[in-house]
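Student: In order, the protein sequence lines correspond to chains A and B. If you're matching positions, the first sequence starts at 45 in the working numbering and goes up one per residue. If you're matching positions, the second sequence starts at 1456 in the working numbering and goes up one per residue.
Calculated from the structure, these hints are not laboratory results. Keep in mind it's a predicted model, so treat the numbers as computed, not measured. Do not take every clue at face value.
As the list claims (entries may be wrong) - Computed cross-link-like contacts, EDC-like style, restricted to lysine to aspartate or glutamate with a CA-CA straight-line distance of at most 20 Å:
1. B:Lys1511 - B:Glu1470
2. B:Lys1560 - A:Glu144
3. B:Lys1560 - A:Glu98
4. B:Lys1525 - B:Asp1538
5. B:Lys1524 - B:Asp1538
6. A:Lys57 - A:Glu119
7. B:Lys1524 - B:Glu1510
8. B:Lys1560 - B:Glu1460
9. B:Lys1511 - A:Glu98
Stated by the list, open to error - Negatives, chain A to chain B, calculated, CB over 10 Å:
10. Gln50
11. Thr58
12. Ala63
13. Ser75
14. Tyr79
15. Leu87
16. Arg99
17. Asn100
18. Gly102
19. Glu119
20. Gln149
21. Arg152
The beta-carbon is built from N, C-alpha and C at its ideal position, and this holds for glycine as well.
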Amino acid sequence: EAGVTQSPTHLIKTRGQQATLRCSPISGHTSVYWYQQALGLGLQFLLWYDEGEERNRGNFPPRFSGRQFPNYSSELNVNALELEDSALYLCASSLPPATEAFFGQGTRLTVV
Amino acid sequence: SQQGEEDPQALSIQEGENATMNCSYKTSINNLQWYRQNSGRGLVHLILIRSNEREKHSGRLRVTLDTSKKSSSLLITASRAADTASYSCATRRSGGSNYKLTFGKGTLLTVNP
C-alpha cells in the first residue's frame, strides 16, 4: 500500500512568488494535516482538512491556505513568499482523525 | 506554545545501551504518539498510546504514559547506530473535535558505533 506522497520534493522560489505543494494521502484516509518545520524547530501545525472541509487552522497568516479535493488529496498554497517561509513542509493523513497519523517525506521549500 | 516538550534535547549513547527520552504535555489528551525523524526527512510513526493505557511495547520500543503527571517516556533498548534520529512526541487533545497533533521539538539521539 502506498504511503503519503508529497510533491515536489524540493521547491525553490523567489520572495513574493507563490508556492503550491501537493499531498496524496494513504488510500482511504480522509484527514490530511499540513505542518511546517523550520530549521532547528519542531513541527508547527498549519492546517487540517477532513472530508473536503478545513477543520482547524494553526497560527499562520492568511497567505497560507489550502484545500482538499474530492479524492482527499490536498494542496497547500503559500502566497507572497517571504524568506522565513523556507522550511520543510510535511503532510500527514489519518483515518479516522484521532488515530495514527502517517507522514510523507516532505517538500523542502527554499525562498531566495 | 508547544504541547509536547521532550527531554533531553540531545542524547548521545554507545551502541547496545538503552536510550530513554521523556515528554511532558499540558492538557488532557486523547492519545500520545511517538515519531522518529531522520535528518530533515519525513516522520515515521513509532507507537501510539491511548490515555487509558499505561504502557505499550513494540519490538525494542517501550512507551509509558502517566496522565497524572502529564508525561510519557520512550525507551529504546539495545540501541543501534541506525537508531540515530530525532524523536518527537505528539499529542491529540481530548474533547471536542480538535484532532490536530501537537509536537514538541524532539530529542536528538546519537548512537555511536
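Student: Against each hint, give a clear statement of whether it holds in the structure.
Tutor: Okay, the hints, checked on the actual structure:
In summary, the hint linking Lys1511 (chain B) to Glu1470 (chain B) is not supported, as the alpha carbons are separated by about 23 Å, beyond the 20 Å threshold. This hinted pair checks out: Lys1560 (chain B) and Glu144 (chain A) have alpha carbons roughly 19 Å apart, not beyond 20 Å. The hinted pair formed by Lys1560 (chain B) and Glu98 (chain A) fails the criterion: a straight-line CA distance of about 25 Å is larger than 20 Å. For the hint linking Lys1525 (chain B) to Asp1538 (chain B), the alpha-carbon distance of about 26 Å lies beyond 20 Å, and the restraint is violated.
Under the criterion of a C-alpha separation no larger than 20 Å, the hint pairing Lys1524 (chain B) with Asp1538 (chain B) is inconsistent with the structure, at around 28 Å. Proximity of Lys57 (chain A) to Glu119 (chain A) is assessed by CA-CA distance (about 17 Å); at most 20 Å being required, the pair is judged to hold. For the proposed pair Lys1524 (chain B) and Glu1510 (chain B), the alpha carbon gap of about 14 Å is at most 20 Å, so the pair holds. For a cut-off of 20 Å, the pair hint linking Lys1560 (chain B) to Glu1460 (chain B) stands: about 7 Å separates their Cα positions.
Under the criterion of a C-alpha separation no larger than 20 Å, the hint pairing Lys1511 (chain B) with Glu98 (chain A) is inconsistent with the structure, at around 33 Å. A beta-carbon of chain B is positioned within 10 Å of the beta-carbon of Gln50 (chain A); the least distance is around 8 Å. For Thr58 (chain A), the condition that its CB be more than 10 Å from all CB atoms of chain B holds, with the nearest at approximately 22 Å. With a least CB separation of 18 Å from chain B, Ala63 (chain A) remains clear of the 10 Å interface cut-off, as annotated.
Not every C-beta of chain B lies more than 10 Å from that of Ser75 (chain A), the closest at about 7 Å, which undercuts listing it as non-interface. At roughly 8 Å from the closest C-beta of chain B, the C-beta of Tyr79 (chain A) falls inside 10 Å, breaking its exclusion from the interface. The Cβ of Leu87 (chain A) sits about 4 Å from the closest Cβ of chain B, inside the 10 Å cut-off, so the non-interface label is violated. Its beta-carbon lying about 7 Å from the closest one in chain B, Arg99 (chain A) breaks the requirement of being farther than 10 Å from that chain.
Not every C-beta of chain B lies more than 10 Å from that of Asn100 (chain A), the closest at about 5 Å, which undercuts listing it as non-interface. A beta-carbon of chain B is positioned within 10 Å of the beta-carbon of Gly102 (chain A); the least distance is around 8 Å. Chain B leaves Glu119 (chain A) outside its interface by the beta-carbon criterion, the shortest separation being 18 Å against a cut-off of 10 Å. Once the 10 Å rule is applied to beta carbons, Gln149 (chain A) is inconsistent with being away from chain B; the minimum gap is 4 Å.
The claim that Arg152 (chain A) lies off the interface is violated: its Cβ sits roughly 7 Å from the closest Cβ of chain B, which falls inside the 10 Å cut-off.
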